[in-house]
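What follows is the residue order along each chain.
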Amino acid sequence: MLFPSVNHQKSWLGLLLVVVLGANLYLHFSFDSTFEENRANYLDRLFGRLLVPLQVTIDSAESFATNTASGLKNLYRAEKENADLRAERDRLLLNLQELAELKSENAKLRDLLDFREKESFKFISAKVVARDPSLVFRSLEIDRGSDDGVHESMAVVAPAGVVGRVIEAFPSTSTVLLITDVNSRLEALVQRSRTRTLVGGSSEGELTLRFLPRRHDVRQGDELVTSGIGDFFPPGFKIGTIVGLAQDPNLVLQQAQLEPMVDFDSLGEVFVVQRADKPQNQRKTKS
Amino acid sequence: MGSLGLGSAGSTERQKRLWGMSFGMIALWTLWLLLISTLKLPWAVSVSGTSVVILVGGYWWSLRFGAFCLLLMSWIYAGVSLTPSGFYWLAMASIFVVIKILSLRLSIRGAFELALAVTLAAFFLELVQIILLERMIPTVSLLSWRIWGVLFLSAFLHGAVALLFSKPLMILLEAR
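Residue numbers (my numbering), protein chains in the order written: chain A, 1 to 287; chain B, 1 to 176.
Chain A with its partners taken away, still in its complex shape (with noise of 0.2 Å):
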């Protein structure tokens, strides 16, 4: 029997759990297209728009009570902090003036090579509110949606590097597919030898490199950035230091391991990058 209720009702209720089960497992294991289509299930998108703002409730209260906390604490530090903020903006101010120049010089550059304009991009600052409680898949939810002008397929990096991107986008809280998650792929560049390459997550939330052939020039301490290439992630953020390289002789591909620039054990604020309108995409003429 299901319910103590419904005691007479037994093949019904049974023939529902066989359609109900049947279906939820059907949808989750027809592996035939992306993982974000299958992560489209209704039920589960139903519940995680119940629960999220939930979340959200239990994270701010989780702040208030660390800030009261914390207080007192961060006043006494506030004015050493400020101190050395001055310092960092004079210098920093300095440091404009030079880029200001190097800016209208590259542009002139620009110019004279006929190159593109080279895409801009805005950056939405979000909060982490949770992160997945499982040990197997690896993503985050931050406090900005759709309201906010985040979208799925949208970028988040932060300041140290790529973090992954938005994979669903609820009207006021996102999903974050990290980039070390199992599911998660993308092109990245050796910067010192521009060999291009996939780094993709695994199930222990390591980074890694796949299809590498073996001739390609990659040694250990490389660092690899985003390649621009695909719709994802705009060109040059950090993705990680090459930390492992396993050379078969034997094997046509060569493997890595990456360390990834963001520990995301400590992720507190990220950014979603947005494409800024783009400005002029034709080759200018020469006049």
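Misleading hints may appear alongside valid ones.
Computed footprint of chain B on chain A; a stretch qualifies when at least three of its residues, placed anywhere within it, have a C-beta under 8 Å from a C-beta of chain B [to be verified]:
#	stretch
1	13 to 23
2	49 to 58
3	121 to 131
4	137 to 144
5	174 to 182
6	191 to 203
Honestly, the hints are just simulated from the structure, not real lab data. Just so it is clear, CB atoms sit at the ideal spot from N, CA and C, and this is done for glycine as well.
Fit chain B to the supplied structure of chain A, relying on the hints for placement.
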């Protein structure tokens, strides 16, 4: 199946009480899940508490009622995780069935036996998930020390939490 847990021919009152307690336990587990996900613990530290609910459910629920409770739990879990609900249900159900069968022969007496049972349930729950994932994603492999380390760590953490809350958990187990 007539003699299994909630499905037994006990009084309607007792069954109603168990029905309420089951959903109360799932509500508490949901709250725990929300709390640990917002605490942003390092990834190696995963204490979802699912194994505790499955263990208690193994002693309380009939196979069919358990299947529905696990279905509800899988949808809740999929709401806060990328884990697909069908995938999680299958992993939970396989552990639940084993506990259900064992509960017919074995009973848990004392806090250490409870902690051991929770540790084993947590370990096999994660293991089944990785085995399922290995079948679906070719790059996933169990041949990794890191995976085994994380599996053991998660299982022992669950055991430690069960030991900490052994008194209320023993009361719950005996309430069937």
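We went through each hint and held it up to the structure:
1. 13 to 23: It holds, with 5 qualifying residues against the three required.
2. 49 to 58: holds (count 7)
3. 121 to 131: It holds, with 4 qualifying residues against the three required.
4. 137 to 144: holds (count 4)
5. 174 to 182: holds (count 4)
6. 191 to 203: Result for this restraint: holds, n = 3.
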